[in-house]
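If you want the building blocks of each chain, they are given just below.
There are 2 protein chains.
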Amino acid sequence: MKIVQEVSLISVGSFEESNDWSIIRNEIREAISLIVNPPGTFSFTINPAKHGNGVKPIKEACMIALRERFGWSLETPINYATKSPGKVDATKIIDNYRFALEWETGNISSSHRAINKMILGLLRGVFLGAALVLPSRKLYPYLTDRIGNYEELEPYFDVWRAVKIEEGFLAIFVIEHDQIDSSVPKITKGTDGRALV
Amino acid sequence: MKIVQEVSLISVGSFEESNDWSIIRNEIREAISLIVNPPGTFSFTINPAKHGNGVKPIKEACMIALRERFGWSLETPINYATKSPGKVDATKIIDNYRFALEWETGNISSSHRAINKMILGLLRGVFLGAALVLPSRKLYPYLTDRIGNYEELEPYFDVWRAVKIEEGFLAIFVIEHDQIDSSVPKITKGTDGRALV
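Residue numbers (this note's numbering), protein chains in the order written: chain A, 543 to 739; chain B, 543 to 739.
Quick caveat, the hints were computed from the structure, so don't treat them as lab data.
Heads up, a few of these hints could be off.
It does not matter which identical chain is meant; a pair holds if it fits inside one copy or across any two.
Restricting the straight-line Cα-Cα distance to at most 20 Å, the calculated cross-link-like pairs of lysine to aspartate or glutamate (DMTMM-like) are [said to hold, decoys possible]: (1) K629 to E548; (2) K629 to D700; (3) K706 to E617; (4) K592 to D720; (5) K592 to E696; (6) K601 to E708; (7) K598 to D562; (8) K731 to E610; (9) K544 to D637; (10) K629 to E693; (11) K598 to E617; (12) K731 to D637; (13) K629 to E696; (14) K592 to E548; (15) K592 to D562; (16) K544 to E617.
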């Protein structure tokens with residue numbers, strides 16, 4: 543799988559220039575690049591059937607790579623306040639600070655909630671940085687219908703950029719298939735994410 | 543239908559103290575209070591069947607009241623920028639300024655998108671004020687499963703309150719049934735909202 547865009551949605555303070563971010567960014571890049579399809583190949587080829595592929599096995603492959611190669615924790619429960627907005631997909635602790643990563647498999651409005659959740663963590667000082675992984679509009683038509691995607695979220699960036707934060711960093715990674723081929727099997731719900739990494 | 547809470551989520555500038563808001567607020571209050579069930583009664587009684595009632599006919603009743611009694615426009619297309627986030631449920635023009643109202647019938651993450659959409663309109667100066675109507679947690683179990691509700695959105699208020707806005711106002715109206723009665727008909731998809739107002 544390739545990354546076609548990396549966007550710094552929020553960057554207040556020095557985290558973006560830090561060695562910590564350089565390490566974490568490389569781990570995220572590496573985990574995404576490790577996702578392949580079909581299993582056993584060296585790149586990510588997708589069957590271009592309309593809404594023909596599930597996104598959960600693809601996410602799972604990335605999560606396995608983050609945990610097993612780079613020691614991230616998965617499905618970390620987060621308490622920001624008395625009311626908890628729930629878990630984040632993956633977190634990594636560096637220098638006692640927590641970095642959070644979300645890979646949304648829901649529809650476009652879920653991506654709004656995911657960003658709001660990470661910003662709340664930045665406001666509360668629970669995360670020093672966070673990242674969201676999103677499919678590009680080119681990958682979008684081959685995935686589950688109405689999946690969150692970069693181009694549909696972009697018109698709202700000014701809202702999040704206007705949030706007053708003392709310190710914090712939020713990046714978006716936009717991912718895309720390497721090639722299409724209608725002869726490769728579709729990624730079904732039952733596909734084991736472990737096979738794709 | 544009754545309003546159990548009115549929250550000023552964002553209030554920058556003088557709109558909250560204005561005569562315009564006093565008029566608009568009364569129109570919203572009146573439109574909500576006009577929603578009845580079963581048709582022809584004088585209050586809103588709901589069948590307390592778990593996820594037994596659709597929310598679209600209830601919303602439709604409020605929209606009809608706003609349009610027919612108070613001259614609001616419905617499903618107003620909005621262009622904030624080159625990319626449009628689409629329509630808002632109802633708008634009212636006062637003194638050349640537009641006030642927007644959203645009544646979300648989607649799941650909780652749709653409520654996140656609805657608030658982000660209204661805040662974008664405030665940032666762009668397209669709206670002077672906006673309001674979101676949400677069911678309370680008490681009404682929630684009797685409506686479509688996973689519908690957006692006030693209590694689940696509240697933990698995120700600090701995110702929206704931290705948005706730097708030069709001028710703008712965003713209110714949330716929390717609505718609830720007047721009483722429950724398992725002998726009244728459930729509100730089905732086919733229910734005509736016009737009958738409930």
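Status of the hints after comparison with the structure:
1. K629 to E548: For K629 and E548, neither the intra-copy (24 Å) nor the inter-copy (29 Å) Cα distance is at most 20 Å.
2. K629 to D700: For K629 and D700, only the inter-copy Cα distance (18 Å) is at most 20 Å; the intra-copy one is 26 Å.
3. K706 to E617: Neither way: K706 and E617 sit 27 Å apart in one copy and 32 Å across, limit 20 Å.
4. K592 to D720: The answer is within: 17 Å in one copy meets 20 Å, while 46 Å across copies does not.
5. K592 to E696: neither (23 Å within a copy, 37 Å between copies)
6. K601 to E708: For K601 and E708, neither the intra-copy (31 Å) nor the inter-copy (39 Å) Cα distance is at most 20 Å.
7. K598 to D562: neither (28 Å within a copy, 48 Å between copies)
8. K731 to E610: neither (22 Å within a copy, 48 Å between copies)
9. K544 to D637: This pair counts as neither: shortest intra-copy Cα distance 29 Å, inter-copy 51 Å.
10. K629 to E693: between (25 Å within a copy, 18 Å between copies)
11. K598 to E617: For K598 and E617, only the intra-copy Cα distance (14 Å) is at most 20 Å; the inter-copy one is 34 Å.
12. K731 to D637: Neither way: K731 and D637 sit 37 Å apart in one copy and 54 Å across, limit 20 Å.
13. K629 to E696: between (24 Å within a copy, 17 Å between copies)
14. K592 to E548: Intra 26 Å, inter 44 Å, cutoff 20 Å: neither.
15. K592 to D562: This pair counts as neither: shortest intra-copy Cα distance 39 Å, inter-copy 49 Å.
16. K544 to E617: neither (24 Å within a copy, 39 Å between copies)
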